[in-house]
Structure formats: structure tokens, C-alpha cells
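Novice: On the provided structure of chain A, position chain B as indicated by the hints.
Residue numbers (the working numbering), protein chains in the order written: chain A, 1 to 300; chain B, 1001 to 1300.
The set of hints was computed from the structure by calculation and includes no laboratory data.
Just so it is clear, CB atoms sit at the ideal spot from N, CA and C, and this is done for glycine as well.
Don't take every hint at face value.
What the simulated footprint calls covered on chain A by chain B, stretch by stretch (three residues with Cβ under 8 Å from a Cβ of chain B suffice, anywhere in the stretch; the number is not a length) [unchecked claim]: (1) 107 to 116; (2) 181 to 188; (3) 201 to 215.
Not the full set, but computed from the structure, chain B residues with beta-carbon under 10 Å of chain A [unchecked claim]: (4) Y1057; (5) I1058; (6) F1087; (7) D1088; (8) V1182; (9) I1185; (10) R1203; (11) E1205; (12) P1223; (13) D1252; (14) R1258; (15) L1297.
With a Cα cut of at most 20 Å, we get these calculated EDC-like pairs of lysine to aspartate or glutamate [to be verified]: (16) K213(A) <-> E1293(B); (17) K1213(B) <-> E225(A); (18) K213(A) <-> E1225(B); (19) K1289(B) <-> D214(A); (20) K1190(B) <-> E225(A); (21) K289(A) <-> D1214(B); (22) K190(A) <-> E1225(B); (23) K1213(B) <-> E226(A); (24) K1292(B) <-> D214(A); (25) K190(A) <-> E1226(B); (26) K1160(B) <-> D1127(B); (27) K292(A) <-> E1075(B); (28) K1190(B) <-> E226(A); (29) K213(A) <-> E1226(B); (30) K1213(B) <-> D1252(B); (31) K1213(B) <-> D214(A).
There are 2 protein chains.
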Amino acid sequence: MNSILVVGSVALDTVDTPFGKAREALGGSATYFSLAASFFTQVNLVAAVGTDFPARYIRLFASRGIGLTGMKITEGRTFRWTGRYGFDLNQAETLKTELNVFRTFKPSIPRSYLSSPFVFLANIDPDLQREVLGQVRKPRFVACDTMEYWITRKRKSLLKTLRQVDALLINEAEVRELSGEVNLIRASRKIFTMGPRCLIVKRGEYGAVLFSKDSIFFVPGFPLEEVFDPTGAGDTFAGGFMGWLAKDDSTDNYTMRRAVIAGSVMASFAVQGFSVKHLLSLTKKSFSKRIKEFTSLMMQ
Amino acid sequence: MNSILVVGSVALDTVDTPFGKAREALGGSATYFSLAASFFTQVNLVAAVGTDFPARYIRLFASRGIGLTGMKITEGRTFRWTGRYGFDLNQAETLKTELNVFRTFKPSIPRSYLSSPFVFLANIDPDLQREVLGQVRKPRFVACDTMEYWITRKRKSLLKTLRQVDALLINEAEVRELSGEVNLIRASRKIFTMGPRCLIVKRGEYGAVLFSKDSIFFVPGFPLEEVFDPTGAGDTFAGGFMGWLAKDDSTDNYTMRRAVIAGSVMASFAVQGFSVKHLLSLTKKSFSKRIKEFTSLMMQ
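Next comes chain A alone, as it looks inside the complex:
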């Protein structure tokens, strides 16, 4: 089985939406990613939490078979994020970010993870992303996320990271910011010259687009009557996407397309509940059912 190494944040999120509130709930990019990807394959998590991190969440990761050798428990408080969404759930407003133990986080990859074939670098400082890549041995497929902050403040470092990356997963505004192009086709071409051979543009309720050098694939956002909390949708998507590739042991065009669908289906579950609650309720049966519903949305 192909294992996946993920490096990113594990956090406690306080989220306010028009449909309810979650307080100090399990969150963080690496959390959503791991829980989604563990549905398909072995995931190994590298992150840091504080001594206040609830033991039940550690048990939760363990119950999913997620490798925790690289999860550092450091003296201090866990990373916290506080955010709010309006009725238009597309855009989160960050009210507070407390880095806490994440401020001094230096990813150190356990020896047993060094030959991970699949690597996901969640949205962290591009210097740290490269520190991970410097440690692992020739991974088969590396994907990464980033955000506007790094694109504008640490562009040089980010570009160095991108040279070593196969797939970049970012949202539309980030694509435009990174490439300097409004048009997505032109933007994708520019991004291909930076290193990645594959670009996945996340468009929230409008779905996602997979650009590779000779093909474009569009998926819609799964239409839901109730979206409770969009937090983590992108990382859940990435987890479903990478998990699918690892499980199918391929990164060819057909598998990539299927993986984008798997990621979309996973993300559609995640947003139906606060924090990771609804994602955790996912079963093989409900997953297959939604895959069928999803493909029928695009079938002629």
C-alpha cells in the first residue's frame, strides 16, 4: 500500500457561521487532510501540538490508523484559529490566529517515513515545505498548497519549493496572484513553467478544475441543500485526491480525474457538519452512493 506523508497544522478551531458555532473543535490543514486520505490508505502525520491538545483527538487519529510518530507534543498551547462566515459561505473571515507551538515548528521526518511515495505539503511556510522535501527520499508524487500570504511575502522561497512539486492545489485568487494572469489557461501555463505538471484550482461552490499539460477537467461543486461549515474543505479535497492516487497506485490522467471526483465527494461531506464531525461519519457505502450521484451530475 502506498503511504502518504503529510506535513501541516493540527489546530483547535473556533468557528462562527449563520448556522451555528463550534468552539475549540478539531481543525487544521493536516487534520482534514489525514482524516480524508486515511479513508483510502495509510497516512503519516507530521505536525506539532501543545500539551493542552485533547487526548481524545490523538485517539481519533490513531483509530484511523494514522501514523503519529511525527506528531510532536510540545510544552505550550496548540495552534488556534478563530473565524467567521457570513451567509455567503465562500469566504472565511479570520478573526484571530494564535500560532502558539506552531511558531517554532520545525518538521522533522521520522526515519520510517523518509521513503514515503506520496507527500502532501499543506499550507505552511514554503521554507518549512522545502525542509520536508530535503529530508524525504525521491518521493513519487509531491503535492502542495499555499496561500496569498506566502505568494506575496515569501515569493522567492515559494518558487524554490514549487520547482520540486508535481501538483499545486490552490484557489482561483491564489492562481491569479501567483501567475499574474487573470485567465486560468494562461495562468496554468505559467505555473507549469514554475515546476508543477499539474494544477488543481479550487473554486468553492463552483467545484474544481484540474489542469495538466495537455488536458483540462472540470468538476462541479456537489450541490448541497445545507452547508454548515466550509472550514477544511480544501484540505479534505486534497486528502481525498491524494488518497485516491495512492490507493490506485497511479498518477495517470484517468486516475487523476477520478481522484478529483473523490476529493470533491470527500469535501462535500466535510462541509455538511462542523469541524470533522460529518467527515467522520462517512462510510464506504455513503461514499459510493455520493460518487454515483456526483458522476450523474456530469453525465450526458
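Specialist: This is chain B only, laid out in the frame that chain A set:
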């Protein structure tokens, strides 16, 4: 062959985009619709223009076999629209609307058009839309467009029109305004109670969604490197959609989905040039080629 009756505007458009300018070019909802639909079937146009309307445009319609018995040439000036687009081509800014002869337009349907099986009511006053429906004899399939102005200012009249309509084609903001629902699934359900059994939501670069009572179908916007002028994209879409239904002589679910693709492909041609220029260059060959490219964007 199933003919289509269309009632709407024929206009002279002055359009300014970051990529160029068109002055007094052929425009109007019924124009784009007719030229697109005439690619597939016989179209009969009911509209009014002024005595200043260039004869070459009349010849253009005639060259497409478009029926002009219902095209009234009235003493006065033709309807004019002046608009502007920014780099974000999604939203037109209307600078000037001169109704001119359109102000007193009363659609009178020529006797030979009264049994048209397919009817498209372009975006005009819902009173006039109903005046058309009062004249035609039991059409098989009626589709209509509208806009925020009528939804808010003439809601009652619009609701009366909708009772007699099979398909409503509007954009996302209009769907929300009309239904009072942010969520598209709930909005579609509400709109079905108003009369239509089919709702097509136009989403600009994000494509379109076809809602019917038991099925949802998403298509992406065709990815283009250069969009010159989005004017008329929605009406071209409607023309391609209705033209396809009329040609295939069916309104079943499969045909509707194919028709949405045909409409999207048509619209993607229209926006590649100013006014109707690029739409007119469409050939059977370039249409089939793009249909193939389009379906490959959604194919697993």
C-alpha cells in the same frame, strides 16, 4: 422540422471592453438567439426596429433563413444599448439604454407562426411575454428569460407568465432574487412551484446548471484564452439550447443535457468576437470539434 418562434429585442450595441470597442454593432437578445438557433432549425423572429436599421443586417437574418414576417420596421430609431466591461468580463455596466421604437413595441404574431412548437420569450416586459403566449396555439415547449428589473418591479406579472412556461433561463443572482433562496437546490424547488419544470442557471465563466424535477446537470464554461465581448452570451446559449431541442424533436432528459452542451458551445463562440462576428464564423466542423473538446472537459 420544428420551427422556433422568438420574441425579443434587435438592437444596435456600443460596447467597450479592455480588448476593444464596437460601435452600433448588431445586438439584442432576439438577434443572438436567432443566429444561434438558426444553426439547427427554422427560426421566426418577432421584433421591432427603426427605419435607421441597416439593410445589411436584414439581409444577414435572411441569409440564415430566419423568418422576418414578424419583424416590424417602424418610423423612428432602433433600440440602442451602450455598455462597458472591465477586466473581469463577468459583469456588464450599462451606460445607456435608448428604447426608441422598442418603447411602443407590441408583439403581433403573424398567422403563419401561430402554431410554432417551440417558443422563446427573450428578456422583455412579462406583460408582452404573456401577450405572445396569448396568441400562439398550445406550443409544445416554451422557454423564457427575464431580469432583476422585472423580478422586482413587475413580479406579479412575471409570476403569471411563469405559470405558462416550461423552462426558465436566468443567472444566479436572478434565481436568488426570484426565489428568495440563496441555496440553488431550494431555489429551483421554489421555482418549480411557480410553473417551470426546468430551470437553467447561467453562471458566466462557471458554466450553467440544468435543474429538472429529478435531476441536476452541470456544465463548465468552455475555457477560452481570449474573451473579447460577453454581450449576448446568455441569448446565444438559449438559441443553441432551443435549437438543439427543436432539431432533435425531444425534450427528454438526455436531449436537454445535450442541448445545454450545444448552448454552451455556441456561447463560447459568441464571446470570442465583438457583436455577432465570431458566432457567424461558426461552421458544422468547428461546432463538432468544440463539442468534442467540451465533452472531454467533463469526461472521466
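Novice: Which earlier hints turn out false for this structure, listed by number in ascending order?
Specialist: 1, 4, 5, 13, 27, 31
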